[in-house]
Each structure stands twice: as structure tokens, then as C-alpha cells.
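Using the sequences provided together with the hints, build the complete structure.
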Amino acid sequence: MKYSIFSVARNARSHHEHWPLAWRSPAPKPRYDAIVVGGGGHGLATAYYLAREHGLANVAVLEKGWLGGGNTGRNTTIVRSNYHLDPNAHFYEFSLKLWETLAQELNFNVMYSARGVLNLLHSPADIDAAIRRGNAMRLNGIDAKLMTRDEIAHWIPCLDCSPDARFPIQGGLLQPRGGTVRHDAVAWGYARAADARGVDIIQQCAVTGIRIENGAVTGVDTTQGFIATKKLGLAVAGHSGHVAAMAGLKLPIESHVLQAMVSEPVKPVLDTVVTSGAVHFYISQSDRGELVMGGDLDFCNSYSQRGNLPVIEHFVAACLALFPSFGRLKMMRTWGGVCDMTMDGSPIIGKLPVKGLYMSGGWCYGGFKATPASGWLLAHTIVRDEPHALNAAFTLERFAEGRTIDEKGAGPHAWAH
Amino acid sequence: MLLIPCPWCGPRNQIEFTYGGDATVRRPAPEAPEAEWVRYVYVRDNPMGPHVEWWSHSAGCRQWFRLNRDTRTHDILASAEPGAPPPRAAP
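Chains as they are written, first to last, in the working numbering: chain E, 1 to 417; chain V, 418 to 508.
Keep in mind that a hint or two might mislead.
[Said to hold, decoys possible] Sample of chain E residues lacking proximity to chain V, with all beta carbon distances greater than 10 Å (derived):
id, residue
1, Ser4
2, Arg10
3, Ser25
4, Lys29
5, Gly55
6, Tyr112
7, Ser123
8, Asn135
9, Arg166
10, Lys250
11, Glu254
12, Gly356
13, His380
14, Ala400
[Unchecked claim] Ranges between beta-carbon positions, derived for each pair:
id, chain 1, residue 1, chain 2, residue 2, range
15, E, Ala22, V, Val442, 41 to 49 Å
16, V, Glu451, E, Arg288, 48 to 56 Å
17, E, Ser25, V, Ala501, 34 to 42 Å
18, E, Lys330, V, Ala452, 38 to 46 Å
19, E, Thr101, V, Trp425, 33 to 41 Å
20, V, Cys426, E, Gly277, 27 to 35 Å
21, E, Gly327, V, Arg489, 32 to 40 Å
22, E, Ala416, V, Pro447, 19 to 27 Å
23, V, Pro450, E, Gly327, 55 to 63 Å
24, E, Ala416, V, Arg489, 17 to 25 Å
25, E, Ala27, V, Arg505, 43 to 51 Å
In short, the hints are calculated from the structure, not lab data. Bear in mind the structure is a predicted one, so any value in this text is a computation, not a measurement. Backbone N, C-alpha and C fix where the C-beta goes; we use that ideal spot for every residue, glycine too.
See below:
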């Protein structure tokens, strides 16, 4: 059923008790043309684009828990493409363009809100780096605007722009088209649209082994039995290393936990996304009124979806240094998500050294904003058995070839990016 | 909050420590093949379970040591000074 104001009105007459289920829950077939492991935004998007762009209908998504129960439901919903290096800039801008029309594409309101993403600048060196990055963005066709301290103070009254601030603000780099998207709606929207095109979404189905014969994938062992396929895509960021190990592969990835938290809901007070690289902090206000904030990794390997208090204390301190008035708010919830941290801070989207095995992972902190492009490009790579120009640089081999894409210049330390 | 057992200072709050990563990687010989260097610089076991890792007591005695910590639960199993046998969980 197409969602529209008319379907809402029609269903109002029956007290909204007869809406059809948004997707089926089929039993797995013995064989699929392609299988995607991971029922988060990335896996569901991959399945959707396999069907939508390439006409593959005999596709399954295998999810060990429930849809969007991993990092799709744990991120802070920010989308942006304010990157310096060409491969990142082109990739994330492609993603942002898909976000802009995604609600119409999926007939599902993903609530893309172009409220802007503002990077605060606290020193002359910060300003120089922002001018360089802003110019690189504009050369790549991405919107970027350098803002003065006074413009920021006028725009965001609750931000402490005074010279007495702990880290005085000297300016900002704004990407106006950046913003937020409702994260759960992304998983649900892609799931519904993929299901409508014949994709089987199979929840509570954990992959326990990857079968390989003569160097080629032949299928997967799961908690619901063996399923045959010759094309297997992994979209399991956080656990990429764990799943790739089933195919005998070791990746340049460590798993780390990243925390976030929300305050109690309040009336509208912040109508953009504010970040500060100097104090390692970012914040926005959700449509429900909660202030959503986060900061650093916990800085030690972890598969636990919870972190420790010192990191929370650090980003609360950073919050109060920037927004003193938020000290009156109560913290409502904190949580953690497991991130694939790669050795150069950029993702791996492409072929793995087993025939028929592909991955999209290594998302570090930034997987959510990449969701549509990641799915689109993984689908393309699976069908063509070769990468698209937009993901050609994000290979697994780039580490051995000396072609790392190190946006921050932090070197081969997974937790430093 | 982790309570980390420094081999010299005893159990201390995690805010006194700095993480140093996987302590099982071994620097290859200078003439080792390139593939071995790639593994050393970039590739990690990334285990789901006990992980032997470097920590520095940077706001304490400033010594490096190895810690065996479970990456699923953050349980600390054992610690050992450099040069000692790798830290193993008590049987």
C-alpha cells in the first residue's frame, strides 16, 4: 500500500487497526541469487538497490537480531559530506544527494532535516584548516560556508561565544545541507521498499559460518540452516572482523565502543548540529526535544554495546563549556554502539579476496550518513563483480598498496581516527 | 569505570591510564617480506573475548604493562609487566 494522506484518511475510518504489515517475515529459501548479511540500514539499502537498480529479486537479508537493532538505532542521526579528501568527498556527497530525495524514493518519511552542520573553530590554526577544507569541499561541488564568531553568536544564542569561554569560539565552518535524518525510519523505509520488490528479510537468523569451495562462496550456515548463494555481501560494521574471520580473513580493523546520550526533552533551543573538534563534542536537538550528544570513543577495544563513565563525564564537561545553560538539564539515557575502526579512518567497500564475497564496513564513527551510498555501491559491486568509480578507492588492498585514505592524518592507529 | 591493576601501583582508576593497543603484534625483522610488515602495521586479530593489550600508567608511575581484558564484558583478567610471561586469566 502506498503511504499518503489518502491512505491515512482511509485508515482513520477503521481506527488505524487494518494497516497491512510493512514487510513479510518469510522462512528462508534454500538458495538465493545474492545474500546480504546484516539487517541494519546498510544491509537493507544494499538489498533494496540490488532489486531497484539491478532487477535482482531473489535476494535475502539475514539479521541475527531485529531490523535496525545495531548501529542504525544507536547513532546520533547526523548526515553531512564535509570531507577534505577527494574519495571521501565524492562518496559522502553522493550519499547526501540520495538522502535529499530518499523519502520520496522509498515512500516513507525519513525526516531529512537540512538544519546545517556547524564545526566550531577555536584557534587561528583551526580557521586555516577549515578554510582549506571548505575550499576543497567547494571545489568538489559541496556547499561550505565560513562563519564569523558574531554570526554564530547571533544564530545560536545559547552557545557561549564570549571571550571568557573555556575554549573561546573564533568562527565556524557550516555545511548548510548537512543535518539529521530519523534513523529508525531509514531501516524501516528500506525494509518496506525492499520487501515490496520481493526481497526476503529474515530476522533472528545469525550467520554461523561461510562455506567456500575452490576459493568461491557457496553459501552460509545460519541458525536457520544452510542457505546457498554465490554472492554474499557483508554489511555488519562493528562485527566485520568477526564475520570475515568465518571466511578465514583478517581485516585492518579493530572494534571499539562509541557512546552517546540524550537529555530530557525540552522546547526548541538548538536548530542546527554543533560540533567541536577541539573539545571532541557534538550536539543536536531531536524532533522530540531531547538534546542528543556524543564525543570520543572509549579508547580500548570493545564488543560491548556499553561504555564507561569517564568518557561521558568528558563530553558532558565539553557540553557545559559550550552551552552553560544546559547544566540545568537531566540526562535521560546513555548507550554505546560497536564501531569498526579501520587503520586509516575510512571505510572498506568492495571485493574481498574470496570469489563472490563483498563487504561494506569499517565505518568508524560515520556509518549512518553513508547508508544510502553504501547500499547503492555495495549492490553495484556485487552485481558487476567490480567496484564503481565512487568506491574504487575504498579497497581492502589499499593498506598493503600504501593508498590509505587518512582524512585526519593520524596514521595506523585504529582508535585515533 | 575500569579498575586497572598496574603491576607496580596496584588497582587504580582508568582515568590515570592511556591505551596502547594489541600487545600480541610482533615487529618483523627489517628484511622480512613486505606482507609481514603490512600485517604488523595494519592487520589485527580483533578478538571477541580475552585481548592482551598495552596500557601506560601515564598519570601514575608512567610504566607500560600488558593487560588481559575481555572485549565482550570489559572484565579484567590479569596484568603483567613487560618481559614477564603474557598475562593469563587465573584458572
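Reported absence of glutamate 254(E) from the contact zone with chain V (all CB gaps over 10 Å):
Nearest chain V Cβ is 5 Å from glutamate 254(E), so the label is violated.
Measuring Cβ to Cβ, find out whether alanine 400(E) lies farther than 10 Å from everything in chain V.
5 Å, violated
Does the Cβ-Cβ separation between glycine 327(E) and arginine 489(V) fall within 32 to 40 Å?
Taking Cβ atoms as reference, glycine 327(E) and arginine 489(V) lie about 35 Å apart, which means the hint holds.
Go ahead and decide if the range 38 to 46 Å is satisfied by the Cβ distance of lysine 330(E) to alanine 452(V).
54 Å Cβ-Cβ, so the 38 to 46 Å window is violated.
Interface-negative label, arginine 166(E) against chain V, beta-carbon threshold 10 Å:
Holds: least Cβ distance 19 Å, greater than 10 Å.
Once the closest CB in chain V is found, is it more than 10 Å from asparagine 135(E)?
Given that every Cβ of chain V is farther than 10 Å from that of asparagine 135(E), nearest at about 31 Å, it holds.
Using the C-beta atoms of serine 25(E) and alanine 501(V), is the stated range 34 to 42 Å upheld?
Distance hint for serine 25(E), alanine 501(V) is violated at roughly 54 Å.
Is it true that alanine 27(E) and arginine 505(V) lie within 43 to 51 Å of each other by Cβ?
Given about 45 Å between the Cβ atoms, the range holds.
Exclusion check [serine 25(E) not at the chain V interface, CB over 10 Å]
Holds, since 28 Å exceeds 10 Å.
Quick check for students: does the CB of serine 4(E) sit more than 10 Å from each CB in chain V?
Serine 4(E) clear of chain V: closest Cβ-Cβ about 45 Å, beyond 10 Å.
Glycine 356(E): least C-beta distance to chain V exceeds 10 Å?
22 Å, holds
Could one say that the CB atoms of alanine 416(E) and proline 447(V) fall in the range 19 to 27 Å?
At 25 Å between Cβs, range holds.
Comparing the model with each numbered hint stated earlier shows that hints 10, 11, 14, 17, 18, 19 do not hold.
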